[in-house]
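The primary structure of each chain is shown beneath.
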Amino acid sequence: MPSRAAADQHLRDLALLRRVRDRIDREYAQPLDVEALGRAVGMSAGHLSRQFKAAYGEPPYNYLMTRRIERAMALLRRGDLSVTEVCFEVGFSSLGTFSSRFAQLVGMPPSVYREQAAGDMRGVAPCVAKRATKPIRNREAPAATRA
Amino acid sequence: MDIKIAQAMLPHNDAAESLAFYRDTLGFEVRNDVEYNGMHWITVGPPNQPDTAIVLYPPEADPGVTEDERRTIAEMMAKGTYASINLATPDVDAAFERLQAGSSGEVVQEPTDQPYGVRDCAFRDPAGNLLRIQQVN
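So the sequence lines, in the order shown, correspond to chains R and X.
No gaps in the numbering here: position 64 of the first sequence is 67 in the numbering used here, and each next residue is one more.
No gaps in the numbering here: position 14 of the second sequence is 24 in the numbering used here, and each next residue is one more.
Next comes chain R alone, as it looks inside the complex:
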């Protein structure tokens, strides 16, 4: 049974991780700088990565990739942007990396997804659409382990 003080500290650390995750969500199109993300909440890059993975099931880098692909899926469903435009819009600097990452998570190349998915989620409540269309990696992530 952890002490009250340790439990409180644990909750404060989790709240810091929440800030990091929200920041990745918000700044997904920028290059990932785990050092800077850690610095902003007083953690080293290594400590942040380990703690983040323990809390959310995947390290910050994977979370960012999932977030970018999620946004890319949304933009591709719109149908008015090319795969290349979407690739740069969500923060990738190489079409090859984008396409292989996308195929890994979604199970098909972005071009095929763009053709198939146009208009699919129209009329679905935003929060439902966001969850239903979230890339699969989160669901594959192993259960979080705690220190």
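Check the hints yourself; a few may be wrong.
Listed next, the in silico SDA-like pairs over lysine to any residue satisfying Cα-Cα at most 20 angstroms (straight line) [said to hold, decoys possible]: (1) 56(R) / 85(X); (2) 14(X) / 55(X); (3) 56(R) / 83(X); (4) 56(R) / 82(X); (5) 56(R) / 92(X); (6) 56(R) / 46(R); (7) 56(R) / 14(X); (8) 56(R) / 39(R); (9) 56(R) / 82(R).
To give a feel for the contact side, a few chain X residues facing chain R, derived at Cβ under 7 angstroms [to be verified]: (10) 15; (11) 84; (12) 85; (13) 88; (14) 89; (15) 90; (16) 119; (17) 125.
Derived coverage of chain R by chain X (criterion: at least 3 residues anywhere in the stretch with Cβ under 8 angstroms from a Cβ of chain X; other residues may be distant) [to be verified]: (18) 8-16; (19) 21-34; (20) 71-84.
Hints were generated in silico from the structure; no laboratory data involved.
Keep in mind that this is a model prediction, so the values were computed, not measured.
C-beta: ideal position from N, C-alpha, C; glycine also.
We have chain R already, so just place chain X on it with the hints.
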């Protein structure tokens, strides 16, 4: 049948902080503040929607919640995966500016056109609950 949504429940872990956010930053009115054993149940709602409210409640108060569950709920609130609510406004950009200037609450998402036809932004309240605000005309 004539059934409306009267109240939705959102957890808090610091009554004063959450109250300040919903009242001062979001502009809701405080309709009730029930105290029991030092815990607070606070009813807040938008002035232009008197029939609908949010009750900010202490999740640890339920006697049917075990110690383990209490800890899990506190952890999920802290890491931001526990509770959320969707709000609506005619001008999401103006609401975003106002909220961003507020003292408490954290920005999660700038106003963004979603592909499913909604423009929305997102914030955290002080307890870690996710608030999405969508544009409705």
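Here's how the hints hold up against the structure:
1. 56(R) / 85(X): 15 angstroms, holds
2. 14(X) / 55(X): Answer holds: residue 14(X) to residue 55(X) is near 15 angstroms, not above 20 angstroms.
3. 56(R) / 83(X): 19 angstroms, holds
4. 56(R) / 82(X): 17 angstroms, holds
5. 56(R) / 92(X): Judged against 20 angstroms, a Cα distance of about 18 angstroms means the pair holds.
6. 56(R) / 46(R): Holds, because 14 angstroms separates the two Cα atoms, which is no more than 20 angstroms.
7. 56(R) / 14(X): Violated - the C-alpha atoms of residue 14(X) and residue 56(R) are around 41 angstroms apart, more than 20 angstroms.
8. 56(R) / 39(R): Holds, at roughly 17 angstroms.
9. 56(R) / 82(R): With a Cα-Cα distance of about 34 angstroms, the restraint between residue 56(R) and residue 82(R) is violated, given a limit of 20 angstroms.
10. 15: At about 14 angstroms, which exceeds the 7 angstroms cut-off, the nearest Cβ of chain R leaves the hint on residue 15(X) violated.
11. 84: With a minimum Cβ separation of about 6 angstroms from chain R (threshold 7 angstroms), the hint on residue 84(X) holds.
12. 85: Residue 85(X) check passes; min Cβ-Cβ to chain R is 6 angstroms, inside 7 angstroms.
13. 88: The hint holds - residue 88(X) has a Cβ within 7 angstroms of chain R, the shortest such distance being about 4 angstroms.
14. 89: 4 angstroms, holds
15. 90: Hint holds; residue 90(X) Cβ to chain R Cβ min 4 angstroms, cut 7 angstroms.
16. 119: 6 angstroms, holds
17. 125: 4 angstroms, holds
18. 8-16: holds (count 4)
19. 21-34: Holds, because 6 residues of the region 21-34 of chain R bring their Cβ atoms closer than 8 angstroms to Cβ atoms of chain X.
20. 71-84: The restraint on the region 71-84 of chain R holds, since 4 of its residues have a Cβ under 8 angstroms from chain X and three suffice.
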